[in-house]
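Protein chains: 2
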Amino acid sequence: MSNLKALKGNVVFTPSFGEYKIVKNGYVVFEGKNVVGTFESLPEEYSAAEVVDHGDKLIIPGFVDLHLHAPQFANRGLGIDKELLEWLKVYTFPEESKYQDIDFAKKAYQNFVYELWKHGTTRSVVFATLHNESTILLMDLMDKVGLGALVGKVNMDRNCPDFYIEDTQKSIEDTESFIKATIDKYENIKPIITPRFVPTCTGELMEGLGELARKYSVKVQSHLSENRGEVEWVKELHPECSSYAGVYEKYGLFGGDVPTVMAHCVWNTAEEMELMAKNKVFVAHSPYSNLNISSGIAPVREFITKGIPVGLATDISGGHDVSMASVIAVSAQVSNMRWVYVDENYKPLNTPELFYLATKGGGEFFGKVGSFESGYEFDALVIDDSSLADVNERSIEERLQRYIYIGDDRNIVERYVAGVKLEEPKF
Amino acid sequence: MSNLKALKGNVVFTPSFGEYKIVKNGYVVFEGKNVVGTFESLPEEYSAAEVVDHGDKLIIPGFVDLHLHAPQFANRGLGIDKELLEWLKVYTFPEESKYQDIDFAKKAYQNFVYELWKHGTTRSVVFATLHNESTILLMDLMDKVGLGALVGKVNMDRNCPDFYIEDTQKSIEDTESFIKATIDKYENIKPIITPRFVPTCTGELMEGLGELARKYSVKVQSHLSENRGEVEWVKELHPECSSYAGVYEKYGLFGGDVPTVMAHCVWNTAEEMELMAKNKVFVAHSPYSNLNISSGIAPVREFITKGIPVGLATDISGGHDVSMASVIAVSAQVSNMRWVYVDENYKPLNTPELFYLATKGGGEFFGKVGSFESGYEFDALVIDDSSLADVNERSIEERLQRYIYIGDDRNIVERYVAGVKLEEPKF
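First to last, the protein sequences are chains A and B. Quick note on the UniProt record's numbering: the first sequence kicks off at 1 and runs consecutively. Quick note on the UniProt record's numbering: the second sequence kicks off at 1 and runs consecutively.
A hint or two may mislead.
Identical chains share a label here; the pair holds if one copy fits it or two copies do between them.
Listed below are the simulated DSS-like cross-link pairs for lysine-lysine, each with C-alpha atoms no more than 25 angstroms apart in a straight line [what the hints assert, rightly or not]:
1) Lys82 - Lys21
2) Lys347 - Lys89
3) Lys106 - Lys426
4) Lys368 - Lys306
5) Lys106 - Lys185
6) Lys347 - Lys82
7) Lys185 - Lys107
8) Lys144 - Lys33
It should be emphasised that the hints constitute simulated quantities derived from the structure, not laboratory data.
Turn these sequences into a full structure, and let the hints guide you.
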């Protein structure tokens, strides 16, 4: 029983979409990496647990960021005067190409990993760059801090600048080396296959990556239907496919036996949504990015209604803000605007719905992550919201919502991943 | 010459819409409350100035928040699941009614004033409540801290709950008392006439307030065309007027000889815009609020193109975020969405354009405020953005944009209003 631990405080999580479970002044018990359960008082059978009493603080699941680009971290807040394709060319490709330099990569990735820790993003699904060496360095750094992640070496072999492009065969070989080097190396970090997006990947490359995904049982991430110009371009590149999603599907990179997450999904057709629902393709909803580079507003409630799994994402650096709490707030806001301007059939999203998407919704891409139900991996944040206290009494639900809307990293006092408390990174 | 002072650092401001003036490693010289000018090196004639050297920091004009509700401060981050009219009834009126209790008001307003200081909002245009006593207390607190503001005792005499409504004559008399008590009391704080909005003000009340505005040369603030339901309601209440703006105009509360600022202006007709341009009615653009309570997206570039003056605003607590830097970022974002979904004739707003609106644009409602041009009141922030430094060299313009997008109150190290440095408030 020496592995048995418990945190005491105001426990809040969302076992299902839109439904809070609140245990006021209660316990969340975990053993090793997994949650035992939540309790109003500590059951006799767990009386040997080592209890840390957090008083009146909030205890919530850690945040899951389903899509972000680690090498774009330094570009946050810059280059948001362009749409996607120009933005890639002018700001993003030049920045990513710098990660060939391992010393540059080390400095930049240390900053990145520190900020994830700071903002309580306990799990993330990450694009790195073309470079195996610096991508593995990133995974080493995240592992050292104790963060959970799926990290991808990026693939791209067409429509790219000369200074940032791969040969098709070399790209496939590098990816296999990358997978072999990392698949068993870490406890909470795994490789993920990462074709950048259809416009920068030939059919031959995508086919090779699909084969690797099946051979090694590795998950897949990419981008889908983010921007109107991009969607048009994919139509021109693949007239043989009836949709953008259909291109990924053709090459075995679209869910089903290969668990897949697609970032953005702003401009999907009804046909694509059907395929996403059938293949259980996850959507990484990235509202900050969709606002900053003028993409649009994804139909999130429609996805959910149609049975498509959804999580939330920062999309650094299309998005500028690392905080998943902020992503919850902006997701509510854009859902309001979609309701006003685009489609009044799907009502706006509220805080408990979005809190679910930012924890268990995205966590499902990892497995049993993002909840305090029995058997889930114990990822948690302890929130001291006393600095946000005001002149009125507030319920736990109201306190959580106020932390989400007006709190920041200063309110996060402890972080856990898979049962392990994360200390402040010192590099 | 004993009043002559200068700050040294990287000076950035916007003399005109969208145009930065940057003086790298330069000086902004001020004498008493007013700016003398900005210089690359200190001119001989100002060599006696007391210089504070801020090294590589940024020196920018203080932020101007053209519209916020001080008594809603404690409600930030709450009650954002409703549209305007329900939101007022369920969350806002009950909260505001508490300010009859002067002890409650004191605690709450101290918190509010501290946050304005913290976030570098050096000037603001503020709605208080119906209550003269607590509104004057708020002005006393702001004056003590040294903030500049226009503060209004709110008027409302119809369509309000029993616990928060005024008698028409009493409302007019109280307003006159309020004006007399405050008009000469402070250096940088003045009263402003504040009919809540047409639905809660009878014609008789609005007429009385219009007379007071002229009698005492006091400015006016209210709300206009924020939400579709509200606009419909005003049509029903005033079938004799051809527009919502026309109701204010009828009662002498719509610019011209009575300088007026109207919050929101999301759903204005072409006729209203013409009237706004003619009467130089300021728009307080409040994107966070318009997102949170599902109002819509104001046509800001259209206003500017048509000669209507615009400033930015938090609209606490329809908006949840006190930071005007954040309001710049979200203003860019909603302008992108308006361009995508509503009107592609007006291109999105960029950072130097919005920085202008958040400083000199809103500052023009006060007079010569929001710029470092000669003769302007010296309102300034000193920004230490070293915590935001990354692995790349950045220009001053890029550093300012990164502060706006990813910085926070921790980056503001000094604040000035009208030549006076503001110390951290201790209540």
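From the Cα coordinates, with 25 angstroms as the cut-off, is the pair Lys347 and Lys89 best called within, between, both, or neither?
-> This pair counts as between: shortest inter-copy Cα distance 21 angstroms, intra-copy 37 angstroms.
Identical-chain pair category, Lys144 with Lys33, by Cα at 25 angstroms | Answer is within; shortest intra-copy Cα gap is 17 angstroms, inter-copy 54 angstroms.
Alpha-carbon proximity between Lys347 and Lys82, which holds within one copy, between copies, both or neither at 25 angstroms | between (30 angstroms within a copy, 12 angstroms between copies)
Quick one: Lys106 to Lys185, C-alpha cut-off 25 angstroms, is that within a copy, between copies, both, or neither?
-> within (19 angstroms within a copy, 58 angstroms between copies)
Between the shortest in-copy and the shortest cross-copy C-alpha distance, which are at most 25 angstroms for Lys106 and Lys426: within, between, both, or neither?
-> within (13 angstroms within a copy, 43 angstroms between copies)
Classify it for me, Lys368 with Lys306: is the Cα-Cα distance of at most 25 angstroms met within a copy, between copies, both or neither?
-> within (22 angstroms within a copy, 56 angstroms between copies)
At most 25 angstroms between C-alpha atoms: does Lys82 with Lys21 qualify within a copy, between copies, both, or neither?
-> between (42 angstroms within a copy, 23 angstroms between copies)
Between the shortest in-copy and the shortest cross-copy C-alpha distance, which are at most 25 angstroms for Lys185 and Lys107: within, between, both, or neither?
-> Intra 22 angstroms, inter 55 angstroms, cutoff 25 angstroms: intra-copy only.
Hint check: no violations occur; every hint is consistent with the structure.
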